[in-house]
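There are 4 protein chains.
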Amino acid sequence: MAILAFMPDRYAYLGPEGTFTEAALLTLPNAAAAERFAFPTVPAALDALRSGTVDRAVVALENSVEGSVPTTLDELATGEPLQVVSEIHLPVEFALLVRPGTRLDDIKTVASHPHAQPQCRRWLSAHVPHAEWRAATSNAEAAQHVADGLYDAALAGSFAAARYGLEALASEIHDVEGAVTRFVELARPGRPPERTGADKTTAVAFIRDDHAGALLEILQEFFVRGINLTLIQSRPTGAGLGSYLFWMDFEGHISDARVGEALMGLRRVCADLRFVGSYARADGTAPHSRRGTADADFAEAAAWLDELRG
Amino acid sequence: MAILAFMPDRYAYLGPEGTFTEAALLTLPNAAAAERFAFPTVPAALDALRSGTVDRAVVALENSVEGSVPTTLDELATGEPLQVVSEIHLPVEFALLVRPGTRLDDIKTVASHPHAQPQCRRWLSAHVPHAEWRAATSNAEAAQHVADGLYDAALAGSFAAARYGLEALASEIHDVEGAVTRFVELARPGRPPERTGADKTTAVAFIRDDHAGALLEILQEFFVRGINLTLIQSRPTGAGLGSYLFWMDFEGHISDARVGEALMGLRRVCADLRFVGSYARADGTAPHSRRGTADADFAEAAAWLDELRG
Amino acid sequence: MAILAFMPDRYAYLGPEGTFTEAALLTLPNAAAAERFAFPTVPAALDALRSGTVDRAVVALENSVEGSVPTTLDELATGEPLQVVSEIHLPVEFALLVRPGTRLDDIKTVASHPHAQPQCRRWLSAHVPHAEWRAATSNAEAAQHVADGLYDAALAGSFAAARYGLEALASEIHDVEGAVTRFVELARPGRPPERTGADKTTAVAFIRDDHAGALLEILQEFFVRGINLTLIQSRPTGAGLGSYLFWMDFEGHISDARVGEALMGLRRVCADLRFVGSYARADGTAPHSRRGTADADFAEAAAWLDELRG
Amino acid sequence: MAILAFMPDRYAYLGPEGTFTEAALLTLPNAAAAERFAFPTVPAALDALRSGTVDRAVVALENSVEGSVPTTLDELATGEPLQVVSEIHLPVEFALLVRPGTRLDDIKTVASHPHAQPQCRRWLSAHVPHAEWRAATSNAEAAQHVADGLYDAALAGSFAAARYGLEALASEIHDVEGAVTRFVELARPGRPPERTGADKTTAVAFIRDDHAGALLEILQEFFVRGINLTLIQSRPTGAGLGSYLFWMDFEGHISDARVGEALMGLRRVCADLRFVGSYARADGTAPHSRRGTADADFAEAAAWLDELRG
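Chains as they are written, first to last, in the UniProt record's numbering: chain A, 1 to 310; chain B, 1 to 310; chain C, 1 to 310; chain D, 1 to 310.
By construction, these hints were calculated from the structure, which means they are not laboratory data. One should not assume that every hint holds.
Stated by the list, open to error - According to the in silico footprint, chain D covers these stretches of chain B (three or more CB under 8 Å from chain D):
1. 189–199
2. 256–268
3. 288–301
Claimed, not checked - The following label-pair restraints were derived from C-beta to C-beta distances:
4. A:165 x B:191: 52 to 60 Å
5. D:283 x C:303: 51 to 59 Å
6. A:289 x C:177: 52 to 60 Å
All residues carry an ideal CB built from backbone N, CA and C; glycine is no exception.
Only chain A is shown next, with the shape it has when bound in the complex (with noise of 0.2 Å):
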């Protein structure tokens, strides 16, 4: 069975209604039809996954302004193994949402998630210096606060002012022009979607503590197959100040030879490693191809291998 042609009826996602993981997973070519399940916290919604209550989940990976989501990559490289089967890039495009009539003087209080706040803060600080920010557990929280009066403003997308009865004051309000968030779709493990030339792969590697230089010798498994890494990024494992695993995502497909080979040899020099998927890449880019690296090329050395062995 290919997971391609597998339509998934149900959807896991960080809830509430509104948030920016619901309007990325909209953009799914089969979610507008399928039944949407918001779950408060992102290991809620991959737990849904997990145990079967959905066939699929989306939560966001990473951010271009605040950095990668330490709940999802922890999730993902600790808990109980899921499969990342697509990339999802959503434009960060913030609104002022607020209820009808408020003006900005009115503003005393504006809420959000914390990773909201930052990416509006120099909007903030010129157009209601004096309003204090509250936490919100999401934006779209946020919004349903606003919408009880217990705060006066919430950032969020403009798409969840109808949602909430309440409306954009301002829109694009976020500091950072071109700001993307980068969500992922999740399945249980399987067999991977197939390759499209132009794919991403992510795995985690468990480095051993008592090893110096095992960075670089990380490193160094992908340049001699000549692959680049586009995202790598170290999370504690919990056993310590100092002990960390590794989040990368480079590119090329787990059925291309180099990457085969690439994660071969980390799962012979790592601690441990775990592969997290292969999937298309959101952007379409094709890998940078280094002379010697492509799947002929190791066919053709392979052979010539099996010759001299006899």
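Fit chains B, C and D to the known structure of chain A by using the hints.
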């Protein structure tokens, strides 16, 4: 004027009163006798230092469970420059703070800073499985909300109980034994603290975005001088997905010959390099030294070269 | 047909009789009983093997004082391919051969192969300071010239004395204690000898002349598979100063997974790669093994990858 | 006293008269007007320089067909130190010198230095297939032997014919077009020649014999400073098979910041490092420069570091 002889009068820290950050601050020799100002956000505390309102600031940098603190890294990497002058390690020990008389069965809501919840996840599942989690700007704010009757319980250090008229219904409820948070004491840029022989240096490298293999190149600058990294953390520069800076903590002091040469090497190969500080290690560990990398080795080689150059 | 079971009938070696090469040949198990043909040059001996006139050839490859033997390296690197099937280490022990009755004071001329003279330079300076050196095609030829009365003394192995009717006026006259010459036994290309567990492999890498850093790249192919080099020797390819090939001897056997993968890697990144042989080490030293590079580690990683690829 | 202003009066070279070495010497600006002393061996010529008998010595270092000249490398690597002050490239053009009237059919023996014979092997096979080769200490000595009637023909430069009363029966008989020999002009240690902007530096690294990966370590010292090697040659140290030194020629001048730092780095990691000279390249090629490795980059980085160190 040597910085070490300087006794700060006024400290900023991430408040409110009763946070782990305040507890970390109070471990500094002269902090108890100094004025201590609580700020609502990391940027606010750092701005107070930048403007001269205070002499020092203490903020969290990294947690052995939750990883680095993005706001602190980003402020120090890309904000108006500040300097790390010491580091503080504080064990992470959470208690469940409640209003006197509250029993476990009474608890419907548990509030905390978003970083605290995942550190107590298993305990909460086991003991208050039906309680909902609520985000607060800090654990101390969560305690205040409990005191105000808004929520039923807060995750916080037991030292915060007295301050908010609460009691610790349970203590040591964190899932991971031995978790540690690393705080840094910051000053305005100036002459670094004297070398102690067991020091760390922090620098931030901005890589050229057109340069594959940049991280390998950076690591080789350390490797050839026998310098071990204790932390490497990529962060987005804000210029789009795939554009990163690297926060690096490594063994040694800027006055060490090998560290100076590595910094100069990084300065030359990176798009930009920011020195963030050299300071005594909290754990007192002396660097692993590789043959040929002591100051005496550098001095001998420099004398040899001078002689040859005539 | 296993090569090891094959008992060669006819050997070629660099003659004439009485050379160190003949002494090396005679250490082979079945050489004493086989026909042995002396050839005047290394190429002539190797051509006799290539054409099928003989079954094996023995020539010198490397000397611990004088270095590698250029003609042998070049013939094996760029001539019609042959295969190393064993190596032989022979101590270098020179004697001063003279016609019976000759005294030190009588010696006006000392003849030898150009490689022998530097190995006895100090002894000659001390004991026959006024004697002039004369070049011969081999030490055995020098002995013949002494027997013919052309020169007064020859530098040669003491085993050559009897054959030419000479006597050893002094023995062990080489300057360096413990010098060793390494000879190789060659066959026509075919299935390599079986792995013994203490093997060496020889290959020749031709680098692309437009490629800076090629040697570093080559060394990394070995490094990532934990393979130690025992000899690396650059040689001109004949295409101009600065165009080189690299002769490389390294630990392990072509049937080892790590050696096979390294050979394939070199095959892919080099302009050309020639496999010259896998054979038992003369010194019986087992390879230094790095964690994760045993055949079992490769097999485990390959099974893991197959499972993932579904 | 600048070395460049010094006009040597007396030169040593590897004789006798009529060798390629004499031809190379005569390309030096003031050599024709100076006294020129022929020595029978490379060590003898170098000892004359060491003792002050002459001011300079010229010897062959490397040939594009036959490779490096072991005696020269070893004398400069491990003998009493001398300094390379210039290099000379001379095309290799062999002629077949005979006594006037000799025809090809008359030639039974051809004499030459052992390095010359392989360079004319194919021509000799084609034109005098039955002639036997005879070793001589130099090609000029071979010519003398032909003049004396001992042998029938000599391989030598056509410029040697007149001097020995011979004639060139055939010229340009070398097999490889464009072959070049590289000679070096040597002085006693002292201040190196001034930087020209297109320079080479030579150094010899002695590796610690207990140190696997030493060559990789050495290459990384060059790589991080963006320095290209033009020649690397391992040579036995004489302490047993497997104990090597590395002769390295690389781009740049000892007064360049990047070269100085690389030399100091090698000095620190190697068991020993010998500086052999910095001198103008014979081919006038300017170094490939990598970003961040110019003197100005080093100066900027050093000023930056000084400022930080306060």
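These are the hints, each one checked on the structure:
Using a Cβ-Cβ cut-off of 8 Å, 3 residues of the segment 189–199 of chain B lie near chain D, which meets the minimum of three, so the contact claim holds. A stretch counts as covered by a chain when three or more of its residues have a beta carbon under 8 Å from one of that chain; for the segment 256–268 of chain B and chain D the count is 7, and the coverage holds. As drawn, the segment 288–301 of chain B meets chain D at 7 residues by the rule of a beta-carbon pair under 8 Å; at three or more, the given contact holds. A C-beta distance of roughly 58 Å is found between residue 165 of chain A and residue 191 of chain B, which places it inside the suggested range of 52 to 60 Å.
Under the hint 51 to 59 Å, the C-beta atoms of residue 283 of chain D and residue 303 of chain C, about 54 Å apart, fit the expected range. The hinted window of 52 to 60 Å between residue 289 of chain A and residue 177 of chain C holds, with their beta carbons roughly 54 Å apart.
In this structure, every one of the numbered hints holds.
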